[in-house]
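Engineer: Spelled out, the chains give:
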Amino acid sequence: MNKKTDIICRAVDVKKTYWRGKVAVEALRGVSFDIKRNAYISIMGPSGSGKSTLVHILSCLDTPTSGEYYLENALVSKYSDEELAKVRNIFFGFIFQSFSLLPRLSALDNVALPLIYRNVSKHERIAKAKEIIKNVGLADRMLHRPNELSGGECQRVAIARALVNDPKVIFADEPTGNLDSKTGAEIMEIFDHLVDEGNTVVMVTHDVNVAAHARRTVKLKDGLIAND
Amino acid sequence: MIELLSKITLSFQTFKTHRLRSFLTMLGIIIGVTTVIAILSLIEGLNRTVAKQVQSIGSDLIFLQKFSWVSTGHRDLDKLAGRPDLLPDDAEAITKLSSVEIAIPQTSRQLQKLKYKDNEVSNSSVAGSDENYSWVNNYIVESGRDFSRDDVLHRRAVGIIGSYIATNLFPDETALGKDLHLNGHRIKIIGVFKEKGTFLGNSLDDFILIPYTVFEKFFPRPRGTLWSRVYGGYSISIKAKDGMKIEETIDQVRELMRRRHGLGFDKEDDFELNTQQILMELYQSITNVGFIAIVAIAAISLVVGGIGIMNIMLVSVAERTREIGIRKAVGASNNNILAQFLIESIVLALIGGLIGIVFGMLLAWLVSAVSPLKASVSFWMILLGFGFSASVGIFFGIYPARRAASLNPIEALRYE
Ligand SMILES: Nc1ncnc2c1ncn2[C@@H]1O[C@H](COP(=O)(O)OP(=O)(O)OP(=O)(O)O)[C@@H](O)[C@H]1O
Ligand SMILES: [Mg+2]
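If you're matching them up, the sequences are chains A and B in order.
Residues 792 to 1019 in our numbering are what the first sequence spells out, letter by letter.
Residues 99 to 514 in our numbering are what the second sequence spells out, letter by letter.
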């Protein structure tokens, strides 16, 4: 298979420095990282090792201080805010530990949210969101608001939202962190299923059992890759 | 377009959850727009009545008098009293000017009481002039006849009454041929004027007209008071020739009167030439003050209302930092967020404006109902109200919206 098309994302010597007043915090100190099509990657490492920082940069939620980041051979590190927003919208789906749903919108409207920024008509938005929400097993709860749903259900809504634009990579930062182990296992089943269907998943986790689902595990330590 | 609509409905949603807060925020704009609309529509209504009234004087009429209509300070009453009287001879001389159609002497006096049998009217007036009075002043003799030259020359004790006197003194019979007693003198009614209405609130039909020659005999002028020396004598009503520039007529009259009064080139006029024009100018200078007041109120409420909106929008941005982060994470661009908050502040301001327009119209209507002022709301005022509040929404909403748009998604998501 052609190497060029096989690699979706490529980070080269990415560094990220935060400034706390005059003190520099080097969250990433030179990370090079590829994501291949249909990969299933877990990122592990001690707290503060830069896991979240890395996936934020990979998912274009944040920009690196130095280093290059390519998306299908296009250099994204120089993209404008507008272009990055577009990339987040159509290339990636992101799942947070704390679900991050809009509390005033129904599950369905939360799932449809990314479509708004793609100028999809309301009718199509609803149709597409309904289809996805059924796939995560929430057909009967789609008109409920997040505060009427359980944690596991909220995370399913978040997954559906991440999937609604058919992303090339799905990122998840500790998706099971706020869930009990049984519910966490159910969520992991969904991820497994997504990868079986040909999706690409990158997740951060502390849980070895969760990481065991992945086909590749990357360990970070002090802002560097310790083990791939 | 559909997107815009859904964004607008989204912002309504926000207001519903914070009803009281939104209303308080809008208060500045509501008060501002209410006052502006109410005052504008009252001024507009006043403009219409006054313009109509002043125009009813006739744009081709000039009034030669001792005093000016627009500057009547008590201080110069002495000076005015010293001016030479204007006389019927002056009217005759002015009539001969090439730009003048006709000039007539006019004088009048207030009457205490006018009686006929059991009926009486009070506070009517008696006017003295010549046979051209009705022509110059746009009166129509509805029944009976007008004066003739002979009536004036031979001092016939005849009179024409206004419709108000006719209906009040002669409710069930004709007034023609009846005698009235004025100051103990008998006047025979030979005609009745058609009703003319009111001028600035005064009836134009509450008087009796007699030849000025008779007037001089029956109502000798009390010489004593300053007041009567200034206002008691004749004024000359001059009708300019058709198609003639009124300024030209004024110049001719001025020149003639200066000659007749023997004024040297270094002396100022000892008479005044009044026209409807100067009344209009006076009125406009008064309403200009009103307009300045409106601009001031508008400016103040713009700032007050705008700051209210800016404040609440900043609170809203802070409260919804996480929401902004989530929206950005799923692909909202800076412009999407900017638009969302800008639309929200514009909608907020427009709702305030709408309420203000409704209140303003109600207020104007209320004032019209309880006072003689007649308000007149025009479409442009409503547009102005909307335009005004929309600009407040944009101007004061742009800063909070920018702030929302420039938030970093990760930091916004981390915000508790
Ligand atoms: N906005 C920020 N400002 C300053 N320092 C930051 C900021 N975000 C992260 N850091 C620092 O960067 C380092 C890496 O943070 P990061 O969130 O990537 O760690 P992590 O591996 O995800 O940890 P955890 O497992 O606790 O989530 C930490 O030392 C953290 O304190
Ligand atoms: Mg983390």
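I should point out that these hints are in silico values taken from the structure, not numbers from a laboratory.
Some hints could be false.
Computed beta-carbon distance windows for the label pairs [unchecked claim]:
| # | chain 1 | residue 1 | chain 2 | residue 2 | range |
| --- | --- | --- | --- | --- | --- |
| 1 | B | His-116 | A | Glu-939 | 44 to 54 Å |
| 2 | A | Lys-921 | B | Lys-472 | 55 to 65 Å |
| 3 | A | Glu-863 | B | Arg-119 | 45 to 55 Å |
All residues carry an ideal CB built from backbone N, CA and C; glycine is no exception.
Engineer: Give a verdict on every hint.
Structural biologist: Hint by hint, here is what the structure shows:
{"no.": "1", "hint": "B/His-116 to A/Glu-939: 44 to 54 Å", "in the structure": "violated (22 Å)"}
{"no.": "2", "hint": "A/Lys-921 to B/Lys-472: 55 to 65 Å", "in the structure": "holds (60 Å)"}
{"no.": "3", "hint": "A/Glu-863 to B/Arg-119: 45 to 55 Å", "in the structure": "holds (47 Å)"}
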